[in-house]
Amino acid sequence: GMPVEQNPPALSLYEGAESGLRCNFSTTMKGVQWFQQNHRGRLITLFYLAQGTKENGRLKSTFNSKERYSTLHIKDAQLEDSGTYFCAANYNQGKLIFGQGTKLSIKP
Amino acid sequence: GGIITQTPKFLIGQEGQKLTLKCQQNFNHDTMYWYRQDSGKGLRLIYYSITENDLQKGDLSEGYDASREKKSSFSLTVTSAQKNEMAVFLCASSKRDWGKDTQYFGPGTRLLVL
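Sequences listed follow chains U and E, in order.
If you want the working numbering, it's the position in the first sequence, counting the first as 1, plus 118.
If you want the working numbering, it's the position in the second sequence, counting the first as 1, plus 45.
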């Protein structure tokens, strides 16, 4: 299977709602990064984690290398959260594998 | 703060042509990267460089050359453009090795090969 499987491929939320995205890894990864890509194609790094949990405002991310997964949780969704979210896993020095992305749409 | 600029924004080439994309950053970051993104897909690492004159291959280096002429600039060359190729090339930089630090991305160069 794919080294990085990201789910769901697409997600639609109403403003104020919350939900989570998940990446499963086929092997033990050394770290993970989460990105948001906006409608103009601009990529923004949200988190990088070697392990554990990080929180930033309405976003929270967890990485469990032993269980081979990472999650990104969005709460109180806002219109500007729309975009495509990617996880990317570090499996070897200099090698970053991206998931296929989750297209998030926020409805008013 | 800082900024990453990529030139050109749009690049239209002919099959077999050698095409060069340029990236500049003023973060004073050590590490720079080139990624390719195909429509609806995630990014794939082409090359990266941890310091001036250093070059490391990513998973997608075949068909590309790269050059880190100085700390602030990193260029990518498509050695022979493939017909109907269409992709976005994204440059990024980080203070240290990417596994340990946040990457900042440029706006991208959109390539179309006729």
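Just so you know, not all the hints are guaranteed correct.
What the hints assert, rightly or not - What follows is a list of derived Cβ distance ranges for each label pair: (1) E:G108 x U:H157: 24 to 32 Å; (2) U:K193 x E:T122: 40 to 48 Å; (3) U:T171 x E:D99: 16 to 24 Å.
Derived by calculation from the structure, the hints in this document are not laboratory data.
We put the CB at the ideal spot given by N, CA and C, even for glycine.
*Given the hint of 16 to 24 Å, check if T171 of chain U and D99 of chain E actually sit that far apart at their C-beta atoms.*
violated (34 Å)
*Can you let me know if the beta-carbon spacing of K193 of chain U and T122 of chain E is within 40 to 48 Å?*
Once the Cβ atoms are compared, 44 Å apart, the range 40 to 48 Å for T122 of chain E and K193 of chain U holds.
*Cβ-Cβ distance between G108 of chain E and H157 of chain U: within 24 to 32 Å?*
holds (29 Å)
Figure legend: structure checked against the earlier numbered hints; the only hint not met is number 3.
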